[in-house]
Every structure is written in structure tokens, then in C-alpha cells.
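Numbering (the working numbering), first residue to last: 1 to 282.
Possibly wrong hints are sitting among the right ones.
Claimed, not checked - EDC-like, lysine to aspartate or glutamate: derived pairs with alpha carbons at most 16 Å apart:
no., residue 1, residue 2
1, Lys-104, Glu-78
2, Lys-158, Asp-140
3, Lys-160, Glu-146
4, Lys-52, Asp-92
5, Lys-55, Glu-7
6, Lys-5, Glu-78
7, Lys-72, Glu-48
8, Lys-63, Glu-48
9, Lys-147, Asp-122
10, Lys-210, Glu-134
11, Lys-21, Asp-68
12, Lys-5, Asp-68
Keep in mind that the hints were calculated from the coordinates and are not lab data.
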Amino acid sequence: MLIWKTEADGERIFINSNFFKFTGENIEEANSEWFSIIHPDDLNKCFEKYIKALKFRRPFRAKYRILDSGGKYRWILELGMPLSHINKDFKDYIGVCIDITMQKMLKKAVRENLQMYKSIFDGNNMAALIIDAEELVIIDANPAAEKFYGYSRNQLKKMKILDLITSIDINDEIMKTIEKKQHDFIFSQNFISGEIKYVKANCNLMSTAKKSFIFMLINEDIDKKEILAKLKYKDYHDELTGLYNRKYFELVIKRLDNELQLPLSLIIGDCCLLISYYLHPR
Numbered sequence: 001m002l003i004w005k006t007e008a009d010g011e012r013i014f015i016n017s018n019f020f021k022f023t024g025e026n027i028e029e030a031n032s033e034w035f036s037i038i039h040p041d042d043l044n045k046c047f048e049k050y051i052k053a054l055k056f057r058r059p060f061r062a063k064y065r066i067l068d069s070g071g072k073y074r075w076i077l078e079l080g081m082p083l084s085h086i087n088k089d090f091k092d093y094i095g096v097c098i099d100i101t102m103q104k105m106l107k108k109a110v111r112e113n114l115q116m117y118k119s120i121f122d123g124n125n126m127a128a129l130i131i132d133a134e135e136l137v138i139i140d141a142n143p144a145a146e147k148f149y150g151y152s153r154n155q156l157k158k159m160k161i162l163d164l165i166t167s168i169d170i171n172d173e174i175m176k177t178i179e180k181k182q183h184d185f186i187f188s189q190n191f192i193s194g195e196i197k198y199v200k201a202n203c204n205l206m207s208t209a210k211k212s213f214i215f216m217l218i219n220e221d222i223d224k225k226e227i228l229a230k231l232k233y234k235d236y237h238d239e240l241t242g243l244y245n246r247k248y249f250e251l252v253i254k255r256l257d258n259e260l261q262l263p264l265s266l267i268i269g270d271c272c273l274l275i276s277y278y279l280h281p282r
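Given only the sequences and the hints, what does the whole structure look like? Please build it.
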């Protein structure tokens, strides 16, 4: 942190050692030519703020670039505060300069990434949704999603993903996405026309410091065999345990239930009862 102090007329009477290390200036240069290290594009605006603050004896705040000891411009945030005597007469100014170059670089990177995301998101031929991972509210939808669902972007942004998906436990799929960071699943999709189609969702987790979002791509071009395999799995597996369910065992029992294999079918039936009794909450 760079610290300075001036008299009421603006003449500097104190500069800390960090200022010299940061700028590479000596005492004489810092006292008489310190405006020379300010970036030409920022100089006039910075000077005007400083003069007005001195004239009206009020705090000021400015962001500008100065040359560092290596000859590169760095962004700083300068904060100045007037000081008064006991009788409240204006005495002098004290100020600090904080290096904010990294924050500026990060903000620029975020802006560029947002522009890149917007370009990819809006230009994607597949329907894409951004979903709040907690509330399951649709935050954004691309033009392809408008065409795909038949709803406008504004209509979709007022909906929850539950309004579009009813065939599965979406909370479970969202939890899998959060755990794995990436997750695919097949589900039946409701459309404004009343039509229902099976589609595949490719989900990726995106997180900020405060929130988590799901980037969901919807693919309707999926193999019927993949759909049937998924439905068959869900049909014959217990959702809670992932084990074979009663329907599967009943099918096996029916297949094996003849005079020669009856004992085996009874064992399978007993296994089915055990799973139902011990693995499901009552």
C-alpha cells in the first residue's frame, strides 16, 4: 500500500517507502514530478478530481494507471481524505494508493469469457438451458431452445425445469450432476404442443463464489436402442437401491416356475421379499 500526505495547498510532505519501491522514483521526483508517471489517458481526469478535492476540501476517489519501477503501467485505486485541526480548520490531506491491476485483469477475463459463453450459447444449434442448481429455475435459454420447446425465451425464464420434465426425479439427476460435475440422462420431455418425446440431456456444473448453475444441452437425436435400454433398466431396477426390483424377480420366477425348477423360483421369491423388507423404509 502506498501512503502519502500533502499540505492544504497540495504540496507533498510525506510519502512512504512502498511508494518509492513501487514507482522507482526518488524523493525529489516523487515530490515534484509525480504526475509524470500517470498514464496520459488518465492524467486530466485524475488531476481534475485532485484539484476539486483540494478546493472544496472533500474526500476523493480515483482509479488510474501509473508507471511501476519496471516501466509497466499498473492500475491503482487512490483514496484521499481531508484532515482538520481541533477547531475544524482544514489542515492537510492524507491518502492511500492500492494496486488493483489483478482485479482489473480478472474482470476483463470474466467479461471476455461471458462474451465467449454468450456466443457459444446463443449460436448453438442444440437447445441449451442454464438452470439454478438450487431453485431449479431456468435462468436463460438460447434461440434453439425457443424453437425446440415452442416457448419464448421470456416464457422459459419464468419456468422451472420441473415444468418441462415430469418423467424422472430431476432432483436426483441434479444431485448426480453436482457430485460428478458432468452427467448425462434420458427422459421424456413435455412440449407446448402437448407432444412428448424422449431426449438426452448433457449436464455440466458451473459454479461461482455464490451460486451453482447447470448448463444443460438437450439432444433429441438419440438411438432408439439407447432409449429402450434405459427404460428397461429403470423398469427392472429399484430407484432407491439400484438393485433388481420386484418386477424383475416376478419375471424370472415366471420363467423358472415349472416342475423341475420350482425350488429355484422359491429361493428367488424369498430374495425379493428380503430386499423389500430390509432395504426400504417403512
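Quick rundown of the hints versus the structure:
Proposed proximity of Lys-104 and Glu-78 is supported: the alpha carbons are some 15 Å apart, at most 16 Å. For the hint pairing Lys-158 with Asp-140, the CA-to-CA distance comes to about 10 Å; that is within 16 Å, so the pair holds. Annotation: proposed proximity of Lys-160 to Glu-146 holds, straight-line Cα distance about 15 Å (limit 16 Å). Restraint check for Lys-52 and Asp-92: the C-alpha separation of about 14 Å stays at or below 16 Å, so the hint holds.
Taking the CA atoms of Lys-55 and Glu-7, the gap is about 12 Å. The hint holds against a cut of 16 Å. Taking the CA atoms of Lys-5 and Glu-78, the gap is near 12 Å; set against the 16 Å cutoff, the hint holds. Of the pairs offered as hints, the one joining Lys-72 and Glu-48 is violated, with about 24 Å between alpha carbons and a cut-off of 16 Å exceeded. Restraint check: the Cα-Cα separation between Lys-63 and Glu-48 comes to about 13 Å, which is no more than 16 Å; the hinted pair holds.
Restraint check for Lys-147 and Asp-122: the C-alpha separation of about 12 Å stays at or below 16 Å, so the hint holds. As the CA atoms of Lys-210 and Glu-134 are separated by approximately 11 Å, the hinted pair is consistent with the 16 Å bound. A C-alpha spacing of about 9 Å is found between Lys-21 and Asp-68, which places the hinted pair at or below 16 Å, so the restraint holds. Distance restraint check for Lys-5 and Asp-68: the Cα-Cα separation of roughly 20 Å exceeds the 16 Å cut-off, and the hinted pair is therefore not satisfied.
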